[in-house]
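One line per chain: the protein sequences are A and B, in this order.
Residue numbering for the first sequence follows this note's numbering, beginning at 1 and increasing consecutively.
Residue numbering for the second sequence follows this note's numbering, beginning at 1 and increasing consecutively.
Keep in mind that the hints are not guaranteed to be accurate.
Stated by the list, open to error - Simulated pairs of lysine-lysine, DSSO-like, Cα-Cα distance not exceeding 30 Å:
{"no.": "1", "chain 1": "A", "residue 1": "Lys334", "chain 2": "A", "residue 2": "Lys247"}
{"no.": "2", "chain 1": "A", "residue 1": "Lys407", "chain 2": "A", "residue 2": "Lys341"}
{"no.": "3", "chain 1": "A", "residue 1": "Lys318", "chain 2": "A", "residue 2": "Lys554"}
{"no.": "4", "chain 1": "B", "residue 1": "Lys93", "chain 2": "A", "residue 2": "Lys590"}
{"no.": "5", "chain 1": "A", "residue 1": "Lys460", "chain 2": "B", "residue 2": "Lys53"}
{"no.": "6", "chain 1": "A", "residue 1": "Lys247", "chain 2": "B", "residue 2": "Lys93"}
{"no.": "7", "chain 1": "B", "residue 1": "Lys93", "chain 2": "A", "residue 2": "Lys312"}
{"no.": "8", "chain 1": "B", "residue 1": "Lys53", "chain 2": "A", "residue 2": "Lys307"}
In case anyone wonders, no lab produced these hints; they're calculated from the structure.
Note that the structure is a prediction, hence the values are computed from the model and not measured.
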Amino acid sequence: MSDLSSGQSARLPHLTRRGFLVGASALTLAACGNTQKATSGAGSKNALGLKLPAGAASAGDQYYVLPFDSTGASYKALDFYENVYSRAPLADQFNIPLVRLNQNYQIVPGAAGGWEQSADKNSWTFHLRKGIMWSDGKELTATDYVETLRYSADPKHAWDFSWFWSGVIKNYTDAVAGKVPTSSIGVKQGKDKYTLVIETEGPVAYIPSACLYTTPLSAAALHKYGSGSYNINPATCVTCGPYTLTKFDPTAQVVLGPNKKYTGPFKPPIDTLVGKIYAGGDMLPRFQTGQVDQLSVTPLDLKIAAKNPKTKALHLYKNPNDFEIWYTFFDTKKAPFDNVKVRQALAHSVDRDSLIKSLLAPLATPAYGYLTPGYPFAVEDPLKPYTNYDPAKAKSLLAQAGYPNGKGFPPVKFYWWANAVSNTEAVVQALTHTWNSTLGINIQLQQLDKTTFYARMNKKPTEIQMGFVSYGMDYFDASNMLSVYKSDGRHNWNNAQYDKLLAKGAAESKPPARQEIYTEAQVQLTKEAPGVFIFHLLYGYYYAPYMQGKALSKNKNGYDGIQWPGFGATSDSLQGLYVAQNKQNWPRQKPSGIS
Amino acid sequence: MVAYLARRFLTLLLVMFVVTMLIFGLMHAVPGGPFDQTQQPLPGPAMANVMRKYGLDQPIWRQYLNWLWALLHGDLGIPFEQPTMTVTGLIAKAWPITLVIGGLTILVSYVGGLVMGCAAALRHNTWLDWLLTSAVSTVGVALPNYVVGFLLISLFSVKLGWLPVGGWGQPQDLILPVIAFSLYPMALMARYTRASTLEVTYADYVRMGRARGLSERRLTVRYILRTALIPLITIMGPNIPNILTGSIFIEATFALPGLGSYFTTASLHRDYPLILALVLIVAVLWGTCYILSDVAYTLVDPRVRLEGLSR
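All chains should be built: construct the whole structure from the sequences, respecting the hints.
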């Protein structure tokens, strides 16, 4: 922590007027002196021995400062298998998952050079690259993955993401429940220490995609320290990734420096990563003054930035990140939403294109179905007949449901929680106005705090009759997003036919056949309208002009900027980003505590 | 005096006990728990593991007694949101930052407010009075501190580039947050000081003193200011706990890793041990400040007697 926290520097000297002026001048100079101009480093090598590309700044300037807003967040760990929902900034950098994701959302080799499904389709075998070393001198082997997954199933560990492998890896559900030992889960070493076998509960086609989340802990360190928390202490951090922990302060800053013992296949040009943690506040000035190298922007930021000559010239990078959809859900077990025609009437009353144009552009696209265009197996055109804007049809459907012109329709509470990124307040107000005015019904808005909202939504039976909520993917396959609506899932719409399609899709290995199954499932979901799908969120980013590289370029879907799952071990963006020479004199402040 | 203080502190202990019991009940009564997931609720067995790990599977009365017993042993528990720290460690790390900002704010605002208020009262109905009370004080009271913060950042950080936009670790980081945080209490202080000073200025005993030939300087320092301080103590007392526990807006605006933000995040996350610790801090500070205010009255004006003290 700083000197100030010890109270020493806080004792300010007695100030005369002259002293004040001298001091103020000195402070001004000191503040201005922080701004840096990167010098050329093309051809020279960074701390990991990687030759820097043409146009790159010198090795000393190859640091990347990312801002994180800790409002509503808490940071407990840096490793996926220690804690998922409360991972700190720059998490998952100390290890290499079996597979990685490239810019075009394709699964590519990570620690595993190759993999295949068994003939009976009940297991997958991954072949690890040889010679990837942990910083404690041990080699990365199948044992690290086996021990990590066993740790995740341990009831004493009480891992917050254990649902992810439940029902997927053999015996995993029973191990979490304490019914069988964790050693009996279907993860084991194959014919040698470089072969890992994952046995599944049945045929599971999407295992390689789910294995993006196989960022292992070191088996030796896990045994030595008893939990994965060893990685939040620089003295005990064990890494096989290109970075190691330098500083962990979950309320202010996380700093990762180069792991000079790194032997893995993916060398990044950037030597040092800094996660600046802010408890709220306006991020734009922090970006404008060079405190951070990148900024996630809201629609409001865009309006402000457009008025500033420097920021308005910046390129706005846009991508769907975790392919988040925002939608209205219903309690389909109770009137009036137990009637499919009522739900369909609401779906046809929303003019998504106008709504997005007036409230969310350019950071959203209309949602005619649950899956964002570009997401695996997503379709759009076959769904439009069920979600297109057609007020006359909507009125007719409502009349068929027994509520002509809204007559007899009971008053309904529409619950929501505020979210600035998604501008939810404006959206729910527009939706309510549209429904009430188009259909003559009485929907009343009711805001809740986020925790209360989700607690009430997740209650069985649910305590929310109608609500506005989002969902973002956990892994890159239709089986993940579409499972939100399977019976006894997040919402109380039960449909055996839909469940059957999801099970069939998860087991099917051939992509064309899977596409057919998931198209049918999407049509079924959209037609039955257990929710009204409103928009797919796009995340907007600004990067300081000196941030360059392939990682920021457009992918095959037209999305650009660093995409899901972010800058780190699980994606190939790590090698594709560097700090270029600062030709535009964009201000840049080197954070304290990095060399 | 000692007996009086002892009695007040015993009352304070009782109040704290009642407050923590109430808060404990209330925080368990609101919907949503500390380990509820938003995207994907945990399956039953997994949630049972989590609840067992944190002792939340026990009856609420036992959880409270466990917490109370630990507290009596000086243990405030483990924050659910940062289980690698203790609540005591977390507070020990964050509070000094808030105290530095708060202490400087108290110094700047109270000294500045007193000087401004006195100057305005002693030169009332002049341009100086108008400037200090109407312009500075009204603006200070009317503008929320986060708005002041944004304005200061826009001018001194973004436009002029003189001072940091936020952060913690160097002396210049203190300047803008202290100014932004001080403006409201300073304006308040100035207005109250002016009003009470003006009131005393026209009191009979001051006129009497003037008639007896006492110098204006002696009258101002010994009679006017001293008496004017009494209502100010009433204003100052309750303000101090607010300032010393931090402002979430100031800390967020200037990226200060202080205690302020925990007051909201702990509630939002249902972080029970942290909520209880923060409630304790606030209760102790409020209680102590009220006691100290009462003692301060007697120091400023010997005619004031503390209840229960022998006359």
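Going down the list of hints, with the structure as the test:
no. : hint                 : result
1   : Lys334/A to Lys247/A : violated (53 Å)
2   : Lys407/A to Lys341/A : holds (15 Å)
3   : Lys318/A to Lys554/A : holds (9 Å)
4   : Lys93/B to Lys590/A  : holds (24 Å)
5   : Lys460/A to Lys53/B  : holds (24 Å)
6   : Lys247/A to Lys93/B  : holds (15 Å)
7   : Lys93/B to Lys312/A  : violated (39 Å)
8   : Lys53/B to Lys307/A  : violated (52 Å)
Hint check: violations occur at hints 1, 7, 8; the rest are consistent with the structure.
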